[in-house]
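Engineer: Please take these sequences and the hints and turn them into a complete structure.
Residue-level listing of the chains:
There are 2 protein chains.
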Amino acid sequence: MKKIMNEAGNIVEEMLKGLELSDPSLVCFPEKRVIARREKASKVGLCTAGGSGHEPAHAGYVGMGMLDAAVAGNIFASPSPDQMLKGIEEANAGKGVLMILKNYTGDLMNFSMAKELAEMEGITVDCVVVKDDVAVPDSTYSAGRRGIAGTVLIHKIAGARAAKGASLKEVKETAQKAIDRIRTMGMSMTACTLPGLEKPGFTLGEEEIEIGMGIHGEPGIEKTGMKTSKELAEILLGKILADYDYNGSEAAMLVNGLGGTPLMELYVLAGDAAKVLKEKGITLSRVYVGNYMTSLDMAGCSISLLKLDEELKELLDAPANTPGFKTFG
Amino acid sequence: MKKIMNEAGNIVEEMLKGLELSDPSLVCFPEKRVIARREKASKVGLCTAGGSGHEPAHAGYVGMGMLDAAVAGNIFASPSPDQMLKGIEEANAGKGVLMILKNYTGDLMNFSMAKELAEMEGITVDCVVVKDDVAVPDSTYSAGRRGIAGTVLIHKIAGARAAKGASLKEVKETAQKAIDRIRTMGMSMTACTLPGLEKPGFTLGEEEIEIGMGIHGEPGIEKTGMKTSKELAEILLGKILADYDYNGSEAAMLVNGLGGTPLMELYVLAGDAAKVLKEKGITLSRVYVGNYMTSLDMAGCSISLLKLDEELKELLDAPANTPGFKTFG
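Protein sequence lines correspond, in order, to chains A and B. First residue of the first sequence? That's 1 in our numbering, and the numbers climb one at a time after it. First residue of the second sequence? That's 330 in our numbering, and the numbers climb one at a time after it.
Hints in this document: simulated from the structure, not taken from any laboratory. C-beta atoms are modelled at their ideal positions from N, C-alpha and C, and glycine is treated no differently. Take the hints with a grain of salt, since some may be wrong.
A short, non-exhaustive set of chain B residues, derived as facing chain A with CB atoms under 10 Å [stated by the list, open to error]:
1. 353
2. 449
3. 451
4. 617
5. 643
Structural biologist: Here it is as structure tokens:
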């Protein structure tokens, strides 16, 4: 498998250094694989932690209006408690730190240890756990639903709330409200190959896709034949709308690419998804399309739907300036 | 080949409609495949035209601080004079229109007809042609060097100059200055597959890459074995530095992905390229990393290097708010 890299074992460190190079407002701590804002803002700190391979998630969402620090594990592997502690320390400006996690057992376990270590240093730490993937009730690496692309909007919303000077309790409440209102459903067309490996861990047939596959290649709901964009919009949104009541409401939609799917196709899907939602009486007032939470070179996509209220709309639109997400406010 | 689409013949139109949906400041004219700013700014208009399949180029660079209109051809095919005329009309606010083209014969020919048509309507039109690809002197679709990823920085620079109220002549001069100072060199690891086709038009071996391949799969300089990121940085920059004198100067670098290469790998390459440039005494003061000018699902990358002066730095940093490029200024 051809990858632009030097040694597979150094790829995460080298990636973080490259990210730092591209954004002078960020600082990289390579030995702990932490990216943080160079200048601490006097507010509740926001941190995230998780495996690498999902770029720009999550290091690419550190910056003004979003996260204060991100902790990068090995590819598809949880960072250690020690690494997470460094992320919490970097996010901390004396007003407490909220950790935003995706629901994977390793991340949660290591965080609980990191939290203890941080509290011994006198840092107040709390966390929220994103479980937006409606595909399967439990999965290979999670008890309960997995956290996937919807997490990016949680970073945005929590980040904006913290930037407005809210307390740790308030930021957590708003983040949790958004988590409660967001659902995601995805599908994959190819596997992905980890750096250093010759081949992907599994394959899909020439005309085969997997509905509900996880962002680490975990099993989904079913393997089926290729569908049109219209059919995919109906399948993915069908599952989301059956799970949560969006009727008559305003929503934000994130059409996310898994890395190997051209932006052109994501825009086509966004158009078809908008039509489905219009028919259901759901007003789509914010639409995000792009590669926000990837799985290396996997081809595929997901749709996330967030039920909005005035607060969430305002927070989505508030200014943010990170490598992976910018809004002018 | 699995693609998220409905009918291949409609994919460009549907893509543009999806783009419009994601950014309310844009308006789509699907019958002409033109994307334009919804509200005309009173300034020199900037337009571009070219084949689709390079998203976010170019429709994704329409918006505040960059382009006023973009004209999308079929995939890897030139838009017609009639389409280009519509783009020029939409970009026109009475102060003349500058068309930014990449150097491909079809685009240039069709533009010369569109220019005549626009002038018959009383619109003043001029153009600049980007020829940044140092790989080959002539190519399948071009007499002279091809225009590739460096074009995005020309959009940015010309856009900022126009936004500051410069005249058509001044905007053209600045764009031409930037064109004269930018060089790009790329490499590909896989072919790409056009929507509606079963397979790519050619293939590369399991461990084979092509140095200098064009963004439509045109032949490059040589096929060779896979290289490390460090070696690639040396090969690509070696060709660029041999072509133009950057010695002792300040430069902006764009590390561009061709679509199928994970962002992680682009950041690794950016780090290695920065080291090569440091050794050569070139100060890297702006670094852009991402999928700016793609070739559908092709895996590969390019490096562009722009020799800066104070004016160009200021224009790169000036505010821009487009789907594919945002700077806060």
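Engineer: Now look at each hint and say whether the structure bears it out.
Structural biologist: We went through each hint and held it up to the structure:
The restraint placing residue 353(B) at the interface with chain A holds, with a minimum CB-CB distance near 9 Å, inside the 10 Å limit. Because the smallest distance between the Cβ of residue 449(B) and any Cβ of chain A comes to about 34 Å, over 10 Å, the interface hint for this residue is violated. Annotation: interface hint on residue 451(B) violated; nearest CB of chain A at approximately 34 Å, more than 10 Å. The criterion of a C-beta within 10 Å of any C-beta in chain A is met by residue 617(B), whose closest approach is roughly 7 Å, and the hint holds.
Of the supplied interface hints, the one on residue 643(B) is violated, with its beta-carbon coming no nearer than about 16 Å to a beta-carbon of chain A, more than 10 Å.
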